[in-house]
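J.: Here the protein sequences line up with chains A and B, keeping their order. For the first sequence, the numbering used here assigns the number 87 to the initial residue and increments by one for each residue that follows. For the second sequence, the numbering used here assigns the number 492 to the initial residue and increments by one for each residue that follows.
Calculated from the structure, these hints are not laboratory results. Predicted model, so just to flag it, every value in this text is computed and none were measured. From the three backbone atoms N, C-alpha and C, an ideal C-beta is built for every residue, glycine too. Each hint should be verified, as a subset may be incorrect.
[What the hints assert, rightly or not] Calculated cross-link-like contacts (lysine-lysine; reagent style BS3-like; alpha-carbon spacing at most 27 Å):
#1 B:Lys593 to B:Lys549
#2 A:Lys216 to B:Lys764
#3 A:Lys303 to B:Lys770
#4 B:Lys655 to A:Lys216
#5 B:Lys595 to B:Lys549
#6 B:Lys591 to B:Lys641
#7 B:Lys776 to B:Lys764
#8 B:Lys549 to B:Lys655
#9 A:Lys216 to B:Lys593
#10 A:Lys216 to B:Lys595
#11 B:Lys641 to B:Lys549
#12 B:Lys576 to B:Lys591
#13 B:Lys764 to A:Lys303
#14 B:Lys776 to A:Lys216
#15 B:Lys776 to B:Lys591
#16 B:Lys672 to B:Lys641
#17 B:Lys641 to B:Lys770
#18 B:Lys576 to B:Lys593
#19 B:Lys655 to B:Lys591
#20 B:Lys549 to B:Lys605
[As the list claims (entries may be wrong)] One side only, chain B facing chain A, incomplete, derived with CB under 10 Å:
#21 Ala590
#22 Leu702
#23 Ser724
#24 Trp731
#25 Gln741
#26 Ala762
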Amino acid sequence: MKPDPVTHSAYRAKRKKSLVILTILLFAAMVIAAGVGAVTIPIAEVASILFRRIPYISKYIPNIGAQDVYETIILEVRLPRILLAVIIGGALAGAGATLQGLFGNPLADPYIMGISSGAALGATIAISYKLPSFFPGLSSVPIAAFLASIATMTAVYFLAGVSGRVSMDTYLLSGVVVSSFLWAVMSFIMMLSGDSLREIMMWLMGSLSNKGYAHVKMAFPYVGFGISVLLVMARDLNLICLGDDEARHLGVDPEPAKRIIMLASSLVTAASVSVGGIIGFVGLIVPHTVRMVLGPDHRLLLPASVIAGGIFLVSADTVARTLIAPSEIPVGVITALVGAPFFFYVLRRRKMSES
Amino acid sequence: MDANRCVGDSGFRMRSVILKGLVFAIIIAVFGAMAIGVSIDAEERGITVIDALGSEVKVELPVQTIVSIAPSNTEILFALGLGEKVIGVTEACDYPPDAKSKPKVGQVEMNIEKIVEMSPDLVVAVASMQLPAIQTLSRLGIPVLALDPKTIQDVLDSIVLVGKVTGTEEAARLLTQKLGKQIQDIQLKAAKAVAEEGRPRVFVEVWDDPLMTAGPGTFIDELIRIAGGENISCDAGMEWPEFSAEVVVQRDPDVIITIWQDVDNVRMRPAWKRISAVKTGRIHKVNPDILTRPGPRLVEGLSELLEIIHPGSLD
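All chains should be modelled from the sequences, with the hints used to inform the complete structure.
T.: Printed below as a string of structure tokens:
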């Protein structure tokens with residue numbers, strides 16, 4: 087396929103500009119998030135602590151006697167949490183954008199494939215049966231959640247794929263059925279373990295509380311790999327959206343492409359749900375908003391959604407951990423509270439500009 | 492009597508036998524009448540108390556069969572020596588060990604049918620958590636006593652109330668007296684320790700992911716205060732808040748108490764390495780049941796906390 091050279095280069099310029107702007111916004115959000123929290127730290131100390139860590143410019147930054155406590159709070163408490171918010175927000179928004187395109191369904195979100203119910207079941211088992219942890223800094227909960235979500239992903243894949251040629255509807259239904267089944271098993275275990283009800287509920291609501299670099303290290307490889315695959319597949323996804331026959335005519339075999347896209351988005355969802363719980367709305371609202379502003383071309387939509395998802399979740403988590411300090415709010419509550427009205431606003435504005 | 496004495500021996504013996512028989516008969520009659528009177532009295536005797544929901548609970552004495560639908564209530568009933576009369580408990584009722592062998596009536600949701608089938612003379616419930624079950628059982632004509640202690644004093648009052656309803660006032664009086672004395676003793680020792688070394692800052696980790704603690708209004712908060720510590724989350728604004736990890740680092744607790752997570756897991760957290768409790772190894776795992784169940788064992792929890800917060804002050 088040879089694109090029209092003029093519009094193509096214009097598109098590339100637009101794409102570059104959008105992504106640069108979003109990246110700058112992401113860094114701004116991260117720096118603000120690092121400076122804001124339940125503990126008030128003077129801005130100069132925040133800057134000193136942060137920028138002294140960056141190679142090359144570190145020697146120009148004076149150490150203004152930042153307290154050890156502040157350094158620990160920023161580098162060991164806030165920073166891993168911010169990084170995790172970027173990873174999870176990006177993963178959920180990227181997977182959401184992909185699945186909405188793949189299924190041609192605006193209601194698709196990363197949880198539609200049953201991955202989250204697998205993770206929830208794994209977490210529930212770890213919490214109710216108090217499974218011991220094997221890794222320092224990580225409890226058994228994220229690990230059990232990850233293993234269970236990978237098992238779920240595999241189960242959905244094979245249940246849908248028995249006929250060889252996988253129709254997307256079969257996939258969707260298989261995900262929904264497996265999901266309902268797992269939720270039922272989970273509810274049953276929850277009912278039997280009266281002691282841990284509150285803890286399971288808190289996990290289900292989604293939270294980035296008390297996370298360290300161990301969680302970042304656990305989630306990043308899978309999310310990084312999965313998102314890279316999705317970005318590479320963005321052009322194929324565009325063609326698949328036109329229909330199977332059109333894709334074939336344009337040189338893409340839709341079946342293996344769909345499978346790769348499916349598995350990659352399941353993997354990033356599994357990794358992010360395992361460490362952050364079920365954080366709703368990010369994977370639904372962010373891709374839609376980005377699509378309304380930047381259009382449906384996945385070569386821009388996917389990377390832009392990933393970055394915007396990071397911005398959104400870092401901001402939501404900053405609100406979650408400061409609004410009622412020293413207590414915190416589960417971040418899933420904030421994403422829904424802020425996300426839904428914001429989505430309506432974008433929807434209305436688009437309607438008004440159309441008419 | 493004098494006249495009788497003057498008569499011959501045989502006559503005296505005769506009459507003496509009759510007399511003895513008569514006296515015996517009268518005694519039997521009186522005692523019998525008394526016994527009947529008592530039983531009639533008992534059948535009519537009931538007791539009406541106001542429970543934690545403000546509802547009138549009418550119970551007929553003596554109470555022979557009791558169902559407890561909360562672990563804390565089970566502990567109170569057994570402590571009052573009513574273990575024999577408890578015919579139903581929940582799956583979570585694991586103390587005292589004898590409670591574990593009792594028939595089960597539910598876990599989180601109570602099996603109303605089973606309780607109705609048992610038709611106990613009394614059900615002891617928790618007001619704030621079990622309202623639907625309490626309403627259903629009351630509607631079905633089963634007396635339900637709802638307890639809802641929020642403080643240690645409330646727990647003692649609850650024990651007295653249970654004693655009144657079950658006809659074990661004396662046992663309740665002795666138990667609350669004993670517990671009250673133990674609390675007083677701990678208060679004195681804690682006050683002495685606080686005067687000498689101040690109030691150590693205490694953080695209680697209820698859960699790690701998300702980080703949750705025990706805020707104001709919980710027994711844990713009250714116990715820490717009585718044991719001469721300062722709960723660093725006393726300004727959290729709710730009972731079981733998700734708590735900010737950076738605030739824990741900043742407030743630098745001298746003592747950390749976990750009730751679920753292993754001590755090692757708390758110690759290994761990179762962000763917590765500067766916290767005094769981590770540096771000095773003062774992280775302790777405590778059985779949550781003796782800190783959170785509103786029953787007589789809270790006093791055990793209190794003495795364990797005193798030992799943790801002010802080591803050596805208990806002796």
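J.: Taken at face value, is the distance from the CA of lysine 605 of chain B to the CA of lysine 549 of chain B at most 27 Å?
T.: Measuring from Cα to Cα gives roughly 22 Å; hence the hint holds.
J.: Return the status of the interface hint for glutamine 741 of chain B: holds when the least beta-carbon distance to chain A is below 10 Å, violated otherwise.
T.: 5 Å, holds
J.: Next pair to validate is lysine 549 of chain B with lysine 655 of chain B; report whether the Cα-Cα distance is within 27 Å.
T.: 12 Å, holds
J.: Would the hint linking lysine 216 of chain A and lysine 595 of chain B be met if the CA-CA limit is 27 Å?
T.: 23 Å, holds
J.: Grab the minimum C-beta distance from tryptophan 731 of chain B to chain A and call the hint holds if it beats 10 Å, violated otherwise.
T.: 7 Å, holds
J.: Quickly compare the C-alpha distance for lysine 641 of chain B and lysine 549 of chain B to 27 Å and report which way the hint goes.
T.: With a Cα-Cα distance of about 24 Å, the restraint between lysine 641 of chain B and lysine 549 of chain B holds, given a limit of 27 Å.
J.: Report holds or violated for the interface hint on alanine 762 of chain B, using the least CB-CB distance to chain A and a cut-off of 10 Å.
T.: 4 Å, holds
J.: For the pair we were handed, lysine 303 of chain A and lysine 770 of chain B, check the Cα-Cα distance against 27 Å.
T.: 26 Å, holds
J.: Verify the interface restraint on serine 724 of chain B: the C-beta must sit less than 10 Å from at least one C-beta of chain A.
T.: Hint on serine 724 of chain B: holds, closest Cβ of chain A at ~7 Å, below 10 Å.
J.: Does the structure keep lysine 595 of chain B and lysine 549 of chain B at a Cα separation of 27 Å or less?
T.: Holds - the C-alpha atoms of lysine 549 of chain B and lysine 595 of chain B are around 25 Å apart, at most 27 Å.
J.: Compare the distance between the alpha carbons of lysine 764 of chain B and lysine 303 of chain A with 27 Å, and conclude whether the hinted pair is satisfied.
T.: 19 Å, holds
J.: Sort out whether lysine 641 of chain B lies within 27 Å of lysine 672 of chain B, counting only the CA atoms.
T.: The given pair, whose Cα atoms are some 20 Å apart, holds under the 27 Å limit.
Hint check: violations occur at hints 4, 17 and 21; the rest are consistent with the structure.
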